[in-house]
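Visitor: With these hints in hand, go ahead and build the complete structure from the sequences.
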Amino acid sequence: MSFITTAADQFDDTPSPTDLQQFVYLVELLETTKRELERDREAAKASLAKASIILQSETARGSGANGSKAGALAGWQIARVQAFIDENLDCTIHIRDLSAVARISAAHFSRSFKRAVGEPPHAYLMRKRLERACHLMMTGAASLSEIAFSVGFSDQAHLCRLFRQAFGQRPADWRRDFESRRG
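Every number in our numbering is 45 more than the matching position in the sequence shown, counting from 1.
Please keep in mind that the hints were generated in silico from the structure rather than gathered at the bench. If you're wondering where the values come from, they're calculated on a predicted model, not measured in any experiment. A virtual CB, placed ideally from N, CA and C, is assigned to each residue, including glycine. Hints are all accurate, no fakes.
FRET-style restraints, in silico, Cβ to Cβ:
id, residue 1, residue 2, range
1, Phe129, Met183, 23 to 29 Å
2, Leu75, Gly213, 40 to 46 Å
3, Gly116, Glu224, 43 to 49 Å
4, Arg148, Leu93, 19 to 25 Å
5, Glu132, Ser155, 16 to 22 Å
6, Ala145, Ala94, 21 to 27 Å
7, His167, Ala202, 17 to 23 Å
8, Phe223, Ala152, 37 to 43 Å
9, Asp135, Glu224, 21 to 27 Å
List time: in silico DSS-like cross-link candidates among lysine-lysine, alpha-carbon distance up to 25 Å:
id, residue 1, residue 2
10, Lys173, Lys90
11, Lys90, Lys79
12, Lys159, Lys173
Guide: What follows is the structure, given as structure tokens:
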């Protein structure tokens with residue numbers, strides 16, 4: 046039995062538009078992977094990782110394992126929004142951008158995102174920016190100002206203010222502590 050038949054069999058006789066969108070997105074993702082496999086193995090790996098996340102979250106959602114709630118984003122929507130955020134952290138990201146990626150209205154998006162992920166889109170975005178900033182501080186020698194701009198903060202002070210709120214210390218102190226532990 047082929048993957049496509051198996052995936053299509055997951056839907057009832059009258060699949061919802063969300064199920065069809067998910068299926069179409071998975072097919073597109075796998076087709077892209079197939080094309081990129083020989084040219085760009087890293088891009089192919091990234092596409093396979095996205096497809097895997099979607100399939101895992103939809104399997105869990107279908108079985109009720111992840112406790113998905115009515116009105117929450119579907120797994121494919123979560124995966125697409127998370128990938129969009131990861132790829133565009135250095136840019137200004139608006140709710141209308143995220144809702145377009147999820148293919149739902151902006152008014153419905155924020156509520157559905159919070160229900161699915163457990164935090165509002167803005168809080169999620171700020172957390173992802175701080176995580177990327179930490180990674181850059183651990184792996185490179187860029188200045189805090191450069192890091193702030195590269196992860197989408199308006200300036201170094203914005204990074205420092207949110208970093209202190211999240212971690213209880215200034216980023217420079219955190220970086221110094223990390224480097225001294227690494228020795």
